[in-house]
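A.B. asks: The chain contents come next:
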Amino acid sequence: MADYEIPNDLRYTREDEWCRVEGSRVVVGVTDYAQQQLGDIVFVELPAVGSTVERGEPFGVIESVKAVSDLYAPISGEVVEVNGDLADHPEHVNEDCYTDGWMITIEPSDPDEVGTLLDAKTYRTHVEERSTE
Amino acid sequence: MSDERDAGPERLGYATRGIEYEEPLLFERSRPGRVGYSLPASDVPDADPAAALDPSWLRSDVPALPELSEVDVVRHFTRLSTWNAAVDLGLYPLGSCTMKYNPKINEWAARLPGFARAHPLQPVAQSQGLLELMWRLEQALAEISGMDRVSLQPAAGAQGELAGIMMIRAYHEHRGEKRHKVLVPDSAHGTNPASAALNDYEVETIPSGRDGVLHPEAVERAMNEDVAALMITNPSTLGLFEPHIAAICDLVHARGGLVYGDGANLNALLGIARPGDLGIDVMHFNLHKTFSTPHGGGGPGSGPVGVKNILAPYLPIPVVRRLEQAEGEGFALDYEFPRSIGRLHANFGNVGMFVRAWAYIRSLGPDGLRRCAEMAVLNANYLLARLRHAWHVPIDRTVMHECVLSDKDLEPSGVTTLDVAKRLIDYGYHPPTVYFPLIVHGALMIEPTESESLEGLDRFADALLAIADEARRDPDWVRTAPHRTRLARLDETRAARRPVLRWQPASSD
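So the protein lines, in turn, are chains Z and Y. Here the first sequence is numbered in this note's numbering, starting from 61 and rising by one per residue. Here the second sequence is numbered in this note's numbering, starting from -9 and rising by one per residue.
Bound-form chain Z, shown alone (with noise of 0.2 Å):
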């Protein structure tokens, strides 16, 4: 199986996306696993800053040279901040999608959400099940 970067201070959704806690917000960007099965990425649609998300509904959109796939929504909020760059270089969510390929910013409207999420052993046992299949 291929080896992919997980790392334990994040949360996790079934969709393969991730969620970091950074004070009262939380950041949402996709895995290591989903940017290796989607290939190279080449258009990444975001939501503008102050719209809101609603937890496993579709923010955005991801395209990449092999398929197109939405991006859904960990958790419930506000989008407060937007990684720009990606218009730009979606190649980011290639190279650091935990770190440059970021993606929204979102205020929770539930604080205790996020922690509902997967935790990094169960994420990664998730994508060992797919990946054998």
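If you're looking for bench data, these hints aren't it; they were derived computationally from the structure. It is possible that some hints are incorrect.
DSSO-like mimics (lysine-lysine), calculated; alpha carbons at most 30 Å apart, straight line [unchecked claim]:
id, chain 1, residue 1, chain 2, residue 2
1, Z, K126, Y, K398
2, Z, K181, Y, K398
3, Z, K126, Y, K168
Computed list of chain Y residues with no C-beta within reach of chain Z, every gap over 10 Å [unchecked claim]:
id, residue
4, R463
5, T483
6, A486
Not everything, but these chain Z residues come out facing chain Y in the computed CB check (under 7 Å) [said to hold, decoys possible]:
id, residue
7, R74
8, D100
9, V102
10, V125
Even for Gly, the Cβ is constructed at its ideal location relative to N, Cα and C.
Let chain Z serve as the given structure and place chain Y on it in line with the hints.
C.D. replies: Frame of chain Z; chain Y shown alone:
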């Protein structure tokens, strides 16, 4: 070793390289003053455009249009045409696209002056032959599919789907029912959820079973009174016949829902099974797949939609109708359908395709159509039988008209499906559909169709076997393919990230 093998003039598979031209853009071929015509001197006085038109409409500079002779232009487009891959040149194994050979008799029929020169605004009385052909084609499609009524209007499969879901929505609305969801299996064509979403339906994905087919239990779990329809493709995009289709349709009908049948894969069923008999309420046909009208390269497509009687009031207008005895002989166009979803296409659809499809249906007849399906299925299974020992087959069962391989067994070599597709070009083949269906990792979806002979299938199988072997022995050579094409591998990522969308003159003077 590999470089030598591919560098020489010798054959690789059945592909060779012959006369082949580099071809610049017409703009780059341009030379000042060169023309492709010779006109007599004008015998009317020059007019000043500024006097004839509002000056704001005048442009300040002359557009840099290319200046060329006739032979420049003819050679340019003819050379470009030699770069085409086409079903008239060889196997075109695009899974789920049914790139079958288009018999030339279709073209003869479509060029008959009465069809070719008909005008859409000509009076009905002067278009009786064409209307009769349309009516007969509708009857034939209804008979082939087991549907009650057909409209030929939709311009292609996706619009046929849209028409189908619009009719389903109109049906529920007329009954005063508010339903919000459409169920779509995870093996569906991407157009299915798109058609549902365009009609404001929420899409719920139904997982296929481990055996690759849809199970009634999965549908039952999702089925309730909020579901307007299930959209199903049979055979599925894995090339598998859905064995539980009748039970699944019953489940949907029991809760008041309707079943949409995606007809993209109808080729496998021709003359053998009818979607209408299986419980489908509405479906589309791809004349450009199943019925051998041109596919790709501008077609145009044609995606008639067939319905059971319960949906007939919602068909697009106008509807072709054979006159009742009291009205005399002939055919009419009816517009009086108050519950119709309306017009979907200017005039009557892509009429030239109706003529071709009708020529195809009539030249084959019922037995010939059935034979198409039999041969298409046999060919796909023959390929699978020749390839399964060297390639990973995610769902290894007897298939219908197409088979799906994956790159899983190539993983240690680092060769992916994309590389295999590129290498196939060196062997003289247009690559198959890749990375679809999405539920198979690194899918190669191969549909040989009934057009190929046994020798043709063997050559293609030989090429795929040779590539599997190359991937193990010499993976880098496969990963950098194609090597024998006019251009080496293109940087698709850069093309998508930094597209150059138009030619710019070197200087503006």
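A.B. asks: Which earlier hints turn out false for this structure, listed by number in ascending order?
C.D. replies: 3, 5, 6, 7
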